[in-house]
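The task is simple: from the sequences and hints, build the whole structure.
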Amino acid sequence: MKAASDASMPDTTFLDSTELVLNMGPQHPSTHGVLRVILKLDGEKIMGTDCVIGYLHRGVEKIAENRTWAQFNPYVDRMDYVASVSNGLGYCLVVEKLLNVEAPPRAQVVRVILTELNRIASHLVWLGTHALDIGAITPVFYCFREREEALNIFEKYCGARLTTHAFRIGGLQYETYDGFEQDVKAFCDMFPAKVDEYEELLTGNRIWKGRLTNVGVLTADECKEYGVTGPLLRAAGVKWDLRKAQPYSGYEKYDFEIPTRQNGDTFDRYMVRIAEMRQAVRIIRQAVENIPEGPIMGKVGKVIKPPVGEAYVSIEAPKGELGYYAVSDGSTQPYRVRVRPPSFVNLQALDRMVRGLLVADICAVIGTLDIVLGEVDR
Amino acid sequence: MADEQKPGGSGAPLPAGGEAAKQPPKPSPPKPAAPPPKPPATMAATPWESDLPRELKERFGGQIVETSTYLGQNFIVAKPEAAVPILEYLKLEADFDYLVDITAVDWPKRPERFDLVYIVYSFSRNERVRIKTYIPDGYKPETAVGVHLTANWLEREAFDMFGIEFAGHPDLRRILMPEDWQGYPLRKDYSIIQQDQRWVQENLGIESGQ
Numbered sequence: 002m003k004a005a006s007d008a009s010m011p012d013t014t015f016l017d018s019t020e021l022v023l024n025m026g027p028q029h030p031s032t033h034g035v036l037r038v039i040l041k042l043d044g045e046k047i048m049g050t051d052c053v054i055g056y057l058h059r060g061v062e063k064i065a066e067n068r069t070w071a072q073f074n075p076y077v078d079r080m081d082y083v084a085s086v087s088n089g090l091g092y093c094l095v096v097e098k099l100l101n102v103e104a105p106p107r108a109q110v111v112r113v114i115l116t117e118l119n120r121i122a123s124h125l126v127w128l129g130t131h132a133l134d135i136g137a138i139t140p141v142f143y144c145f146r147e148r149e150e151a152l153n154i155f156e157k158y159c160g161a162r163l164t165t166h167a168f169r170i171g172g173l174q175y176e177t178y179d180g181f182e183q184d185v186k187a188f189c190d191m192f193p194a195k196v197d198e199y200e201e202l203l204t205g206n207r208i209w210k211g212r213l214t215n216v217g218v219l220t221a222d223e224c225k226e227y228g229v230t231g232p233l234l235r236a237a238g239v240k241w242d243l244r245k246a247q248p249y250s251g252y253e254k255y256d257f258e259i260p261t262r263q264n265g266d267t268f269d270r271y272m273v274r275i276a277e278m279r280q281a282v283r284i285i286r287q288a289v290e291n292i293p294e295g296p297i298m299g300k301v302g303k304v305i306k307p308p309v310g311e312a313y314v315s316i317e318a319p320k321g322e323l324g325y326y327a328v329s330d331g332s333t334q335p336y337r338v339r340v341r342p343p344s345f346v347n348l349q350a351l352d353r354m355v356r357g358l359l360v361a362d363i364c365a366v367i368g369t370l371d372i373v374l375g376e377v378d379r
Numbered sequence: 008m009a010d011e012q013k014p015g016g017s018g019a020p021l022p023a024g025g026e027a028a029k030q031p032p033k034p035s036p037p038k039p040a041a042p043p044p045k046p047p048a049t050m051a052a053t054p055w056e057s058d059l060p061r062e063l064k065e066r067f068g069g070q071i072v073e074t075s076t077y078l079g080q081n082f083i084v085a086k087p088e089a090a091v092p093i094l095e096y097l098k099l100e101a102d103f104d105y106l107v108d109i110t111a112v113d114w115p116k117r118p119e120r121f122d123l124v125y126i127v128y129s130f131s132r133n134e135r136v137r138i139k140t141y142i143p144d145g146y147k148p149e150t151a152v153g154v155h156l157t158a159n160w161l162e163r164e165a166f167d168m169f170g171i172e173f174a175g176h177p178d179l180r181r182i183l184m185p186e187d188w189q190g191y192p193l194r195k196d197y198s199i200i201q202q203d204q205r206w207v208q209e210n211l212g213i214e215s216g217q
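Heads up: the sequence lines are chains A and B, in that order. All you need for the working numbering is the position in the first sequence, starting with 1, plus 1. All you need for the working numbering is the position in the second sequence, starting with 1, plus 7.
There may be inaccurate statements among the hints.
As the list claims (entries may be wrong) - Result set (EDC-like, lysine to aspartate or glutamate): computed pairs, CA atoms no more than 20 Å apart in a straight line:
no., chain 1, residue 1, chain 2, residue 2
1, B, Lys64, B, Asp102
2, B, Lys195, A, Glu62
3, A, Lys245, B, Asp104
4, A, Lys245, B, Glu134
5, B, Lys98, A, Asp222
6, A, Lys240, B, Glu134
7, A, Lys63, B, Glu62
8, A, Lys41, A, Glu290
9, A, Lys41, B, Asp178
Claimed, not checked - Partial list, computed: chain B residues near chain A (C-beta under 8 Å):
no., residue
10, Thr49
11, Ala51
12, Tyr105
13, Val107
14, Thr110
15, Val112
16, Asn133
17, Ile142
18, His155
19, Leu179
20, Pro192
21, Asp196
22, Asp203
23, Val207
24, Leu211
Hints are computed from structural coordinates only; laboratory data are not their basis. For every residue, glycine included, the Cβ atom is placed at its ideal position computed from N, Cα and C.
Here is the structure:
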């Protein structure tokens with residue numbers, strides 16, 4: 002069967018030009034890690050790409066089969082290391098699903114607060130580095146300044162800033178610290194004005210608009226065809242967010258909107274992520290206002306032994322649908338844990354997005370994909 | 008630890024039990040007074056009652072082995088050759104337009120060694136379905152790239168990790184491991200510290216990567 006992607010090859014511009022093959026990466030600042038892209042060029046026009054990945058492959062899925070269910074929990078933080086809380090939440094949810102238990106209400110609310118804070122932190126890394134790729138140097142300092150505030154809350158809560166291992170199967174390990182609510186509220190009061198600052202720097206900026214508008218367009222149908230989810234899908238006009246479509250961790254209780262845009266280009270994805278940061282603040286505000294009292298750990302035994310069976314659970318990670326497919330053979334170790342990483346699947350659409358663009362645009366497109374190579378390669 | 012409930016190599020659809028390839032077990036604590044070993048455990052799935060499984064059974068007849076629900080998640084077990092036609096049918100007739108994942112599970116004791124699992128989702132129905140097929144080692148399932156473009160990299164990964172070759176795939180190369188690596192890491196008989204010594208020596212210039 003012939004792949005449909007071949008049909009989209011743009012026509013060559015020069016009659017007797019030879020195809021130029023240019024290597025980009027794996028050590029290239031705009032690839033956000035170790036991604037190698039082999040570009041096929043006609044002049045400055047990109048005729049096709051081939052992604053070489055796997056430089057960060059650590060065999061996370063294999064490690065899972067050699068650890069107990071609980072021991073594997075910290076490993077998932079190392080996949081998408083700028084959104085480790087989301088990774089941990091997804092893994093805890095799939096094991097809880099297999100065990101057929103639910104985290105107690107208090108744990109769920111704290112989980113939502115930390116996950117949304119992490120969504121903001123992840124989007125800030127994206128915004129800073131993306132702007133840096135385009136040539137705007139200032140935003141990265143602004144973004145990392147606010148990200149620091151979010152990371153400080155993680156650090157105070159669980160002692161780690163990046164690979165947090167914040168959640169446990171069945172709930173939480175740690176109670177919130179004294180002053181947690183004040184810290185989170187202070188962040189919520191401070192942050193929206195900072196988003197205005199970023200927007201002031203970028204949204205109306207002519208260079209920013211010129212570099213992003215109509216670059217790397219992915220329509221809604223193409224997104225579905227390539228399995229692309231997250232902000233990329235929403236920027237193409239599909240109002241779909243797993244937090245609304247199949248709510249988990251009590252997301253159905255919060256009042257928030259799914260920001261969407263229509264054009265599906267790089268600029269729209271920027272606008273969607275900016276709006277998502279504002280919505281995340283809105284969720285955190287509602288959550289922190291009424292954290293219920295009660296236990297933080299559900300009825301999970303000391304030895305975690307899910308019954309024989311399998312489950313697929315996915316969450317809306319900052320980058321898209323993060324899924325875990327776990328198979329239990331009734332023992333203390335996972336029989337198989339499959340991670341469905343949003344970055345890996347979204348990266349596949351790179352070829353479609355850059356064909357016909359100029360070489361300089363590929364940095365913008367890789368930036369807008371918001372990939373983390375630790376998650377692509379696992 | 009893991010081997011307590013081993014059913015003794017039964018041909019049940021989902022045999023429980025650990026694997027021979029498992030690492031030397033860590034010193035396992037003495038088992039507390041647990042109930043005697045249960046009979047071969049299988050997934051406690053219940054039949055899936057809905058219009059969709061009925062339509063599928065009408066359309067595909069005996070090629071659909073089972074339609075069940077476990078933990079509120081629906082799945083179909085189908086004959087291997089029916090997987091791609093089912094994906095196509097679901098996409099065109101039932102609006103399952105988003106292929107979420109393709110993956111495999113290795114059961115080396117079973118004659119049909121691999122579970123090949125497709126997960127599809129429908130935006131309009133907000134519904135997720137898993138399609139599972141059981142395939143023996145060496146069987147070449149048809150590629151799903153003609154139905155969903157997502158399948159391209161997902162199948163490459165399944166090939167890379169399990170050695171499942173997809174017939175008709177436009178670009179079946181390894182994706183995460185080096186292209187000339189020998190062995191398929193996620194097979195159960197591939198130990199966690201195992202590696203392609205020759206590759207490591209030739210390419211990294213060291214005796215061992217571990």
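Quick one, are Lys245 of chain A and Glu134 of chain B close enough, alpha carbons at most 20 Å? Holds, at about 13 Å.
For the pair we were handed, Lys63 of chain A and Glu62 of chain B, check the Cα-Cα distance against 20 Å. 38 Å, violated
When the nearest CB of chain A is found for Asp203 of chain B, is that gap smaller than 8 Å? 13 Å, violated
Does the CB of Leu211 of chain B sit less than 8 Å away from some CB of chain A? For Leu211 of chain B, the interface hint is violated, since the closest Cβ of chain A sits about 13 Å away, which is over 8 Å.
Return the status of the interface hint for Thr110 of chain B: holds when the least beta-carbon distance to chain A is below 8 Å, violated otherwise. 4 Å, holds
Please verify that hint: Thr49 of chain B, Cβ, nearest Cβ of chain A, below 8 Å or not. Status holds, d = 6 Å.
Residue hint Val107 of chain B, partner chain A, criterion CB-CB below 8 Å: 6 Å, holds
Hint validity - Val207 of chain B Cβ closer than 8 Å to any chain A Cβ: With a minimum Cβ separation of about 14 Å from chain A (threshold 8 Å), the hint on Val207 of chain B is violated.
Per-residue hint verdict: Leu179 of chain B, partner chain A, C-beta under 8 Å: With a closest approach of 11 Å, the Leu179 of chain B hint is violated.
For the hint on Tyr105 of chain B, just tell me whether its beta-carbon gets within less than 8 Å of chain A. For Tyr105 of chain B, the interface hint holds, since the closest Cβ of chain A sits about 5 Å away, which is under 8 Å.
Restraint check, 8 Å cut-off on beta carbons, for Asp196 of chain B near chain A: 12 Å, violated
Given the hint that Lys195 of chain B pairs with Glu62 of chain A, test it: the Cα-Cα distance must not exceed 20 Å. Status holds; Cα separation ~12 Å.
Checked against the numbered hints above, the structure breaks hints 7, 8, 17, 19, 21, 22, 23, 24 and satisfies the rest.
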